[in-house]
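Enquirer: One-letter residues, chain by chain:
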Amino acid sequence: MKGKGFLAVLLCGVMLFGVAALAWAAEPQEIAVIVKEATSSFWQNVAKGAQDAEKELVAQGENIKVTFIGPESETKIEQQVNLVENAINRKVMAIVLAPSDPDALVPVVMKAKAAGIPVVIIDSLLNAEEGYVSFLATDNRAAGILCANELIKRAGTKGKVAVMSYVPGVGSEIGRVGGFIDTIKEKTEMEIIGPFYSQSDMVTALNQTIDVLSANPDITAIFGANEPTAIGMGRAIEQLGLAGKIVAIGFDGNKDLQEMVRNGTLQGIAVQNPYRMGYEGVKIAFAAAKGEEVPKYIDTGIVFVTKENIDSEEAKQVLY
Amino acid sequence: MRIFPRSYGANVVVQRFIVIIALVVLFGVFSITTPKFFTLQNVITVALQTSTLAFMGIGVTYVIITGGIDLSIGSVLALSGVIAGLASRAGVSVWVSFLLGLIVGIGCGIVNGFLVTAFDLPPFIATLGMMQIARGIALQITGARAVAGLPAAFGILGNGALWRTENFPGIPYPVVIMIAIALVFDFVLRRHRIGRFIYAVGSNEEAARLSGINVNRTKIIAYIVSGTLAGLTGIVVMSRIVTAQPNAGVAYELDAIATAVIGGTSLMGGSGTISGTMIGAFIVGILRNGLNMRGVSYFIQQIIIGLVIVAAVTADRLQKRRQGR
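Protein sequence lines correspond, in order, to chains A and B.
The opening residue of the first sequence carries number 8 in the numbering used here; numbering runs sequentially from there.
The opening residue of the second sequence carries number 4 in the numbering used here; numbering runs sequentially from there.
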């Protein structure tokens, strides 16, 4: 009897120790990736990059885990603030954040800094440079300039170019369309029509493009500055029978836009690189948490996808 | 369709006259100043672009005449279009997909109607709720992504045309539908019992109730009309771009309300006509197209359309004040 009791106590003790040891071993440090909205393909590509970085770090023997979360929609800013606050309270190792608003997230990022948690900002600007260790994003101005150069390569330096933009005054729009227009003005004698603003509504972009192309039959080139705008623009070109007759450059790369590149409606699309934002975001956040020196700004770049390179590995990694 | 409704007295005729003059002047000015504006192709384009405005405008006119409002049109449009797109992508035949989209619109209209009548919610609140809910569902089921890679047949409704030949571009199906819908809903409003009930409910709800009109049923019908036409707009719009965009149609309800108001519909309820709304839709449609063709800056366009709305309602008010004296 006595022996049995002792055995039971021993067993319990072993089990308790086991559980404690398991908990001890399974307590990896967390890097929280907090995006604007978790479901859309753009953010899913960020997640893919973050997971690949996690795998690599774990394979190197680092005891870390990456969590990926975002509010229901990009407009739920206060929800995102809460998510960051929760991460601070969990005492995560580092935070990778795509701020839904350039100002609203500033206080909570400063709080993370005060708590000694390094923050890496991805995709969109945060108006507090002192709050974060690194900023990874598409340099939209460089992207606009690249699109202009690709357009000039195909359309020459004379003629008329229409600019189909999306939401006036948004940070990415100012850089992207501004860079495009400045380059056209600087390098060519082309007449610029627009910019027109679709409010990121495909049908509005369709109507505007039809109106502009009908009024100016001598247009030689056209630029659609984001995904819905480029889709509406492409549909208008198809419906007016102008595919291949004018040089059309789009931005971003969903299935419809890829199809338009394949069938020659669009001569090329400039695609951002969300995978790289997730991958390098986690890597840099980890390095910063270890106290290493990290670059303050990284341009994650653009892949210019055309009929020729659309099936290449480089293009496949950024298309969705 | 009667352009000058005889039964609504002199002030309506005068106001209608002003609006028609405005429409003609607008058309004339653009024709003279903008090359390519007055061409067969562009006139057809204007009609096509106006058709979606007209669908939504007619629907909301019904609701506004009952003294209500429908703020959910843009969102319901998106949800209907997205459902049609998802169904079509899942292999459902295109026309059945469109029917599903339409049913979603009808469903949203029924819910709006019930919220307003059975639960006695103010129409502003009920449809504001629906605006959020329908948009949320559209975003949720698509993950906020455009539904791409739809079959070519999905584009026929929006891009096909009747009597298309070598030399004639044809009448786009949405324009054919617009004409049919305008005639039917105008007839119902002016001639059918339901139409009379709708005016009666909007003029004086209590009097309508006392005279034996089923007020709740009348209101629900008005919201169903609005929801159905929002659904129709959704499938036409998504068909035109052969892509279903969950964040399409943001703030379209305000365009719809504007067309109704420019056409002389009173937000107080009790007055308004389909012919007026059609004229309002064409004023907005011609303005947008003409200003785009002229290359007028988007910001100036907004200012101009804002001024037109204010001017139209001001003219209406002044007219009524003079009458009241």
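Think of the hints as simulated: they come from the structure by calculation, not from any bench.
It is possible that some hints are incorrect.
Negatives, chain B to chain A, calculated, CB over 10 Å [what the hints assert, rightly or not]:
#: 1; residue: Thr120
#: 2; residue: Arg148
#: 3; residue: Ser214
Distance ranges between label pairs, derived from CB positions [unchecked claim]:
#: 4; chain 1: A; residue 1: Ala121; chain 2: B; residue 2: Leu270; range: 46 to 54 Å
#: 5; chain 1: A; residue 1: Ala121; chain 2: B; residue 2: Phe127; range: 41 to 49 Å
#: 6; chain 1: A; residue 1: Glu245; chain 2: B; residue 2: Pro38; range: 31 to 39 Å
#: 7; chain 1: B; residue 1: Gln44; chain 2: A; residue 2: Gly251; range: 33 to 41 Å
Where is the CB? At the ideal position from N, CA and C, for every residue including glycine.
Enquirer: Hints numbered earlier in the text: which of these fail when held up against the supplied structure?
Expert: The structure breaks hints 2, 6, 7; every other hint is satisfied.
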